[in-house]
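Order-wise, the sequence lines are chains W and Y.
According to my numbering, the stretch in the first sequence is residues 4 to 117, in order.
According to my numbering, the stretch in the second sequence is residues 432 to 547, in order.
Derived by calculation from the structure, the hints in this document are not laboratory data.
Cβ atoms here follow ideal geometry from the backbone N, Cα and C, with glycine treated the same way.
Do not rely on the hints blindly, as some may be mistaken.
Unchecked claim - Each computed DMTMM-like pair below joins lysine to aspartate or glutamate, with the alpha-carbon atoms no more than 25 Å apart:
no.	chain 1	residue 1	chain 2	residue 2
1	W	K47	W	E71
2	W	K47	Y	E460
3	W	K47	Y	D517
4	Y	K501	W	E104
5	Y	K509	W	E104
6	W	K47	Y	E441
7	W	K54	W	E75
8	Y	K509	Y	D457
9	Y	K504	W	E104
10	W	K30	W	E60
11	Y	K539	W	E75
12	Y	K539	W	D59
13	Y	K539	Y	E492
14	Y	K501	Y	E446
15	Y	K509	W	E44
16	W	K30	W	E104
17	Y	K539	Y	D457
18	W	K47	Y	D457
19	W	K47	W	E21
20	Y	K539	W	E71
21	Y	K509	Y	E483
22	Y	K539	W	E60
23	Y	K539	W	D89
24	W	K47	W	D89
25	Y	K504	Y	E460
26	Y	K504	W	E44
27	Y	K509	W	E43
28	Y	K501	Y	E483
29	W	K47	W	E104
30	W	K54	W	E66
31	Y	K539	W	E43
32	W	K74	W	E60
33	W	K47	Y	E483
Said to hold, decoys possible - Calculated from the model, a selection of chain W residues having no Cβ within reach of chain Y, i.e. all distances over 10 Å:
no.	residue
34	R25
35	K74
36	V116
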Amino acid sequence: NAGVMQNPRHLVRRRGQEARLRCSPMKGHSHVYWYRQLPEEGLKFMVYLQKENIIDESGMPKERFSAEFPKEGPSILRIQQVVRGDSAAYFCASSPRTGEETQYFGPGTRLLVL
Amino acid sequence: AQTVTQSQPEMSVQEAETVTLSCTYDTSENNYYLFWYKQPPSRQMILVIRQEAYKQQNATENRFSVNFQKAAKSFSLKISDSQLGDTAMYFCAFPGSGGSNYKLTFGKGTLLTVNP
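Whenever a hint applies, use it, and build me the whole structure from the sequences.
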């Protein structure tokens with residue numbers, strides 16, 4: 004059973020470009036969570052999605068950030084017009100159900116904005 | 432708001448010895464889960480152990496065990512027979528309250544170095 008897959012593992016963008024981060028949850032998992040880790044900090048919750056639904060996006064910046072989890076294909080975290088402050092590691096996690104179920108994390112995508 | 436506090440930014444231990452990492456949290460919930468994750472130099476987040484608050488027995492996974500003190504809201508991680516591969520950042524994590532218990536709150540982490 005493959006774990007949570009994220010790609011790309013490293014992404015370099017210039018200011019003003021768009022960044023697209025992909026996450027494929029573990030097989031059988033229909034709940035996806037995105038977290039951001041700034042340097043020297045713990046992970047911070049961004050958004051929680053189920054298939055075709057955004058359940059909670061309270062941790063996501065209102066501007067430039069969006070997320071989706073379509074019926075087919077991976078979950079996408081999209082950052083438009085990136086700025087240097089967006090440089091961080093972005094982790095995706097998945098679980099079979101919400102609530103008490105353990106979240107299993109992918110390897111993360113390291114975004115560097117030049 | 433949920434808070435998770437890891438008071439030890441860095442710790443070191445000699446190979447084969449035992450080390451305990453501390454974590455305290457604040458919640459008004461009665462039933463919840465607690466997690467320890469490790470982040471080695473590869474930066475991947477790996478689940479180490481989880482504890483269910485309603486269980487009296489402390490969770491154990493091979494060399495990793497927890498000391499869960501519910502009344503004190505303390506959740507420490509003990510690593511026995513430390514190995515070089517245990518060198519990593521360790522994060523304590525706690526779910527949000529009420530209907531947002533999917534929202535993990537992480538401590539700032541403890542950097543553990545295992546010395547040969």
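Here's how the hints hold up against the structure:
1. W:K47 / W:E71: Satisfied, since the Cα-Cα distance of roughly 18 Å is no more than 25 Å.
2. W:K47 / Y:E460: holds (21 Å)
3. W:K47 / Y:D517: The hint holds at about 24 Å.
4. Y:K501 / W:E104: Between K501 (chain Y) and E104 (chain W) the Cα gap is close to 20 Å, so the pair holds against 25 Å.
5. Y:K509 / W:E104: holds (23 Å)
6. W:K47 / Y:E441: holds (21 Å)
7. W:K54 / W:E75: Satisfied, since the Cα-Cα distance of roughly 8 Å is no more than 25 Å.
8. Y:K509 / Y:D457: holds (21 Å)
9. Y:K504 / W:E104: The given pair, whose Cα atoms are some 21 Å apart, holds under the 25 Å limit.
10. W:K30 / W:E60: holds (23 Å)
11. Y:K539 / W:E75: violated (36 Å)
12. Y:K539 / W:D59: holds (23 Å)
13. Y:K539 / Y:E492: It holds: about 23 Å lies between the C-alpha atoms, which stays within 25 Å.
14. Y:K501 / Y:E446: violated (31 Å)
15. Y:K509 / W:E44: holds (22 Å)
16. W:K30 / W:E104: holds (15 Å)
17. Y:K539 / Y:D457: Given pair K539 (chain Y), D457 (chain Y) holds - Cα atoms ~15 Å apart, limit 25 Å.
18. W:K47 / Y:D457: It holds: about 17 Å lies between the C-alpha atoms, which stays within 25 Å.
19. W:K47 / W:E21: holds (21 Å)
20. Y:K539 / W:E71: violated (28 Å)
21. Y:K509 / Y:E483: holds (17 Å)
22. Y:K539 / W:E60: Cα-Cα ~22 Å, so holds.
23. Y:K539 / W:D89: holds (19 Å)
24. W:K47 / W:D89: Roughly 13 Å separates the two Cα atoms, so the pair holds.
25. Y:K504 / Y:E460: holds (11 Å)
26. Y:K504 / W:E44: Holds, at roughly 22 Å.
27. Y:K509 / W:E43: Given pair K509 (chain Y), E43 (chain W) holds - Cα atoms ~23 Å apart, limit 25 Å.
28. Y:K501 / Y:E483: Holds, because 10 Å separates the two Cα atoms, which is no more than 25 Å.
29. W:K47 / W:E104: With a Cα-Cα distance of about 18 Å, the restraint between K47 (chain W) and E104 (chain W) holds, given a limit of 25 Å.
30. W:K54 / W:E66: At roughly 23 Å apart (the allowed maximum being 25 Å), E66 (chain W) and K54 (chain W) satisfy the hint.
31. Y:K539 / W:E43: With Cα atoms ~8 Å apart, K539 (chain Y) and E43 (chain W) stay inside 25 Å; holds.
32. W:K74 / W:E60: Holds - the C-alpha atoms of E60 (chain W) and K74 (chain W) are around 19 Å apart, at most 25 Å.
33. W:K47 / Y:E483: holds (22 Å)
34. R25: holds (16 Å)
35. K74: Per Cβ check, K74 (chain W) is outside 10 Å of chain Y; nearest 21 Å; holds.
36. V116: holds (18 Å)
In summary, the numbered hints that this structure violates are 11, 14 and 20.
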